[in-house]
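There are 2 protein chains.
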Amino acid sequence: MEKKTYSPGILQYIPFFYVIWSDDLVSASEINVVEKAIGQDASLSKDESFVLKSWLNTKNRPANDELKNWKHIVSNSDVKLVESNTYPLSTFSQKVVCNYFEECPFNDSLKHIEVNLGIQPNHYNHLFDVEVEHEITSNYYNASEIDEILKGEHAEVIDGFRNTLDNPIFRWDIHRNKEEFREVVLNQVKYLADKGYGALAYPKAYGGIEDMEGYAYMFENMMYVDGSLTIKFGVQFGLFGGSIQKLGTKKHHDEYLTETGKASLLGCFAMTETGHGSNVRGIKTTATYDKALDQIIIHTPGKNDNKEYIGNALHSKMASVFAQLIVDGKNEGVHAILVPVRNEKHELLSGITIEDNGYKLGLNGVDNGKIWFNQVAVPRENLLNKYGDIKEDGSYRSDIKNPNKRFFTMLGTLVGGRICVARAGLGGAKMALTVAIKHALKRRQFNDSIKVQEDLLMDYPTHQLRLTPLVASAYVYHVTLDKMMKDYCDESKPDKRIVETQVAGLKSIITWYANDTIQECREACGGKGYLIENRIADLKGDVDIFTTFEGDNTVLLLLAAKGVLSDFKAEFNSAGFSAVLKLLSSQLSDKLSTINPLYSNKVDKEHLYNPQFHKHAFDYRTRRLTYTLAKRIRSYIKKGMPSYQAFMKVQTHLIALGKAYAVELAYTTYSDFVDGMSEGKNKDLFKKLGTIHALYEIRKDSEWYLEQGYISGTKSKAIRQRVERLCTELRPHIGILVDGWGIPQSCMSAQIAE
Amino acid sequence: MEKKTYSPGILQYIPFFYVIWSDDLVSASEINVVEKAIGQDASLSKDESFVLKSWLNTKNRPANDELKNWKHIVSNSDVKLVESNTYPLSTFSQKVVCNYFEECPFNDSLKHIEVNLGIQPNHYNHLFDVEVEHEITSNYYNASEIDEILKGEHAEVIDGFRNTLDNPIFRWDIHRNKEEFREVVLNQVKYLADKGYGALAYPKAYGGIEDMEGYAYMFENMMYVDGSLTIKFGVQFGLFGGSIQKLGTKKHHDEYLTETGKASLLGCFAMTETGHGSNVRGIKTTATYDKALDQIIIHTPGKNDNKEYIGNALHSKMASVFAQLIVDGKNEGVHAILVPVRNEKHELLSGITIEDNGYKLGLNGVDNGKIWFNQVAVPRENLLNKYGDIKEDGSYRSDIKNPNKRFFTMLGTLVGGRICVARAGLGGAKMALTVAIKHALKRRQFNDSIKVQEDLLMDYPTHQLRLTPLVASAYVYHVTLDKMMKDYCDESKPDKRIVETQVAGLKSIITWYANDTIQECREACGGKGYLIENRIADLKGDVDIFTTFEGDNTVLLLLAAKGVLSDFKAEFNSAGFSAVLKLLSSQLSDKLSTINPLYSNKVDKEHLYNPQFHKHAFDYRTRRLTYTLAKRIRSYIKKGMPSYQAFMKVQTHLIALGKAYAVELAYTTYSDFVDGMSEGKNKDLFKKLGTIHALYEIRKDSEWYLEQGYISGTKSKAIRQRVERLCTELRPHIGILVDGWGIPQSCMSAQIAE
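Going line by line, the protein sequences match chains P and E.
For reference, each letter of the first sequence is one residue, going 1 to 754 in UniProt numbering.
For reference, each letter of the second sequence is one residue, going 1 to 754 in UniProt numbering.
Because the hints were derived from the structure by calculation, they are not lab data.
There could be a bad hint or two in this list.
Identical copies carry no separate label here, and so any pair may be met within one copy or between two of them.
Claimed, not checked - Lysine to any residue pairs mimicking SDA-like chemistry, simulated, CA-CA at most 25 Å apart:
| id | residue 1 | residue 2 |
| --- | --- | --- |
| 1 | K688 | T652 |
| 2 | K700 | T628 |
| 3 | K605 | L629 |
| 4 | K638 | N125 |
| 5 | K80 | E533 |
| 6 | K195 | D393 |
| 7 | K649 | E344 |
| 8 | K246 | Y488 |
| 9 | K631 | E66 |
Take the sequences, apply the hints, and build the full model.
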């Protein structure tokens, strides 16, 4: 190989050309940027321009020997690459020239290329054998600014709450004994109640500020303290208090709501039974009105009909009990009744049996228990009577005549809880990611034998790929859940059927995401992640059950799919399928246009990064799945198959639709949010996060997209490469991205994240 | 719709035709079976034959009204479908005819169709509105027979061991306090040692029977008792004892091995350091030979250079310490030295510091600790000197001149441990699946509103799909791990490089499989799965770390890929890549033939169920990934990129290759095993399990196969449908399939699995 010497004009471009050609991802438009910059570079002679442009021909790429020669020149220059320079590669190039020639002005054309191609030190710092002055984290973005964007209009409540958590009572510790743990958590709940947070979502008359949106935010932040606190808090104020607030009437509010918000009345929410988990309508506990006594008799009829997994069961004085209400011999369906369970001395009342549910995989600071009722009588007034009442004359009345509709209206008021669970799952994921990423920015493992220092975990491509898309998704879900809570609280839209469907889907995908993320973080931290002291282990155990409670994810996805199939017209949660079927027939025209081969083969960066492409892909999937599903069901029905069985046969298809719907919803919500941001680097960052998330989601289901011919094999590969590339691009900012979640320092107890 | 009446000859076929046409999966060859049976049915008139055959025309399928009419006739017959009949559908058809006509003989042609099409009650029991006498589990297969097949030649050891486990000392219980838990586990380990199981793999002279294969089986069975027992047992006898056995020489065996096998000498295996997990060669602990004293000085030089996560650390009297051996000022690389750590009174010896690692996500019955050495002197004889020794004259000598090779020869002797970890993971998965499936065969949830009883969880297609392929995979991995251990123990094959690569890949995919399976089972059991009493929660916490210890899965897959790339010629585990690179150049001819469109579109059952198809698919993937990987690396190198960086850039690709290799290996091993089985229904069953596993694995990576054009979209969909169908087919046998694993009744403590 003959060594070539270059003029300074050409030499300054050599590092750029080496970077461009050693990477396989240069697109036509990128080549164009370079070509233009060269054309406008006044410092170049005509000949130099010509030579440089000749190196841009993708049909006739520079030979490998040429590349080796470039590398040799650069490596021999002995110039140090300083990553913290504003334009590291341009500055580096300038210094290379300085090394060989006397004159070496900084060249703005190079800067232009560097900026427009988005070339970052971590793309090329390994390419040359020169000393690199690494920066572990770039300070280009600002964590506080990001935090402000995420907090939005809730900043005041959130900041106040975070400050409140900076109290020794919330210091994280290892608790192995459940009784001791529960005392700690009970005290934390009472402390927050004292500060007014228990009543936050209640009306002002009962000590609150009616801030349901702020209330949801607390769930994310409580997870930074502990999962048990989060759930016990939710049971006391959200489920027990929420049932009084939303299913009860003024007499109940006046008597119980203030005390509940202060945690001076502790209560539980007794819905689930051992024999009936997700199928609430099938619960067996009875509430029989005895006209002579003017009392309601609560009773557990059979062996598996006891209440189970009831949080707060061991600390409660009262239970909000869901039971089949029987009035005058007629079953009026499931209603909630307030049942005192313990006296002032905390002794069980007559007819009540409560047993500890024992140790669980996580959440051992929550006192879950089983409850049996043996002919327990309570006053008629204890019926939470907003949607159905027993009148003084002993007759039943309800404004909602259809028992189905009545039942689902009652359940619907509790949808807010699902948003809070998703929010808590998101908090768990953020916490685990923060620990794993802070660890990966400190921990070194293996190296090239010639280097003294081992490489940072975060500098491994596999490590970037396993964590970065999960960070991006946390941003997307954060924004989405904000919007959901806003819609849920929007009183100008009283029909909550759409929100219920949306939340059913989102709760599922977000709690699954949270579990996957925490597991990935555990593994990414190796043995350190397995130690309880580093927090991820506890998060894993606590968040696990989020996929099951407040609606099992699989069941919720089936409901969401049904909502989509019926265009949100059918009663949500309804077990029957006839309503859906009636609507299906009108939807059977396949409006999907065939996919143009040009489109399914389009692989340029501009297209792949365009939110229009992502939205189209998600929309296409939802519509296509809806269409094929409706077609299959109709075909079964036409052959005489009972509708229940027809739906059984398409269960996996329904679940795919439920997921697809939720994924689309999350992305479009996020995308709309980003559109509304003011222009600037933060907007660009959020856009990039959305792109990683979207491409990653498309990748996850690329088998489906390929099956449909929506994307070609080449496009599928290009998407994979783009995801990897984007992860590398965000590498310098990953520290700031997790700091932007504003997890209070007082909660960051993990040793490995210090 | 006009009601039609049919002759008895036609009527008897009606239920069959309804089943055939309401299902979308009739293949041409299946149609052919029916056509032939009709042709040979002497009871039919020519006209009847003609009518029946006309209903088999796929181009002109019977109209929906016709189907409805058939259904109506069948439903109105009021005949009960008895699933436990030998030929349920033929018998059912016969009874339908009896209902309308006087004569109704049993028809062997129908029986022929039923058998050859493999029509099973769970395919059609929902299709007619008739009473169904369900059988929860079929007794067609026999659990003991399956257990015998799986135990193979190890039946005696396994049966003996399982009986040993039926002792109150092994009764499962909840242990929250780590000190108490560790005492329980220590006693269990000592009990097994007393019974001779600790020494099982040791030579006869030291109390053993040299049965390494039986030893591996114990790991699966110990998991049925408890994860902590399994791991502590492995540390004491496999890691500590194994290091003496395999790295030491006769003097060490004579002095320590018998005592170790009896657990009267407790020891630990001190390899991992806080600062160095997977990168063993980078450990910092030093072992400096002092010639004047004729002693080796063990020392922990820096802050993060202490040993960490060392199992048995708090109970041990001695440690097998891995350290950089420095003789005469020269570093001879990592060696193991026996270092006494406590005296008879269990007090720490001078210079030794041991700290408890504290609570972990799981395995809290194992006493993991950190160990520091401060200039601890031990006799020269304590060097485990099989592969490297310090002679009496104070000079170092080794038969293996190359230090790299020496190091990896030492590590290689420990590969057996990886098989045991995979085996333990498999045991955990089997246990969780057994609990989840027994629960699903009891628990009912939701129903069609007209039915009295809710449906069994196991009868939901989603439930079948989430659990059945995992059951099938357990069979595949069971057989594969047997074979691996056999190869590992085969002294006629001293070069273990291939086995090391194989085990690296298999340990990764099997421990990941185990974690995914346990998680799926947790969710499939809902809230019940979350309770510690039902065992899955503990399994989850215990098995989690299997992906990290005995080699982090990601690191192992990189090693496996390197083994494949170098055609197993390069030194396994070697950190350098030059050896691989040298070999790569010779492999760059792409021997893969282009895929024929006929092949990529082939969707008939015979093809999809054919092991040749599965093997071809797996082989194609491994070879294709090898080829493209080699091409990418070479292209980077040619441009002058340092080889270390080139390998960094293809990390995700390497991992894909490592996985693909392991998946192929597992399937071909299993497939060979099935080929060797004697003909009969068990062989057919094992074949079917292999088919589900293979199709499920292809499905999991179908995005890759689609990208490559190896399968078409239609084929991908057909594979999905076949997996669902196979799950349904195995539904009646799922109970037997988990019973076939022979988990001792004494270990089945989960309440929900009773």
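Do the hints match the structure? See the list:
| no. | hint | result |
| --- | --- | --- |
| 1 | K688 <-> T652 | between (33 Å within a copy, 22 Å between copies) |
| 2 | K700 <-> T628 | both (21 Å within a copy, 22 Å between copies) |
| 3 | K605 <-> L629 | between (34 Å within a copy, 24 Å between copies) |
| 4 | K638 <-> N125 | between (64 Å within a copy, 18 Å between copies) |
| 5 | K80 <-> E533 | neither (40 Å within a copy, 61 Å between copies) |
| 6 | K195 <-> D393 | neither (44 Å within a copy, 76 Å between copies) |
| 7 | K649 <-> E344 | neither (53 Å within a copy, 67 Å between copies) |
| 8 | K246 <-> Y488 | within (14 Å within a copy, 66 Å between copies) |
| 9 | K631 <-> E66 | between (60 Å within a copy, 19 Å between copies) |
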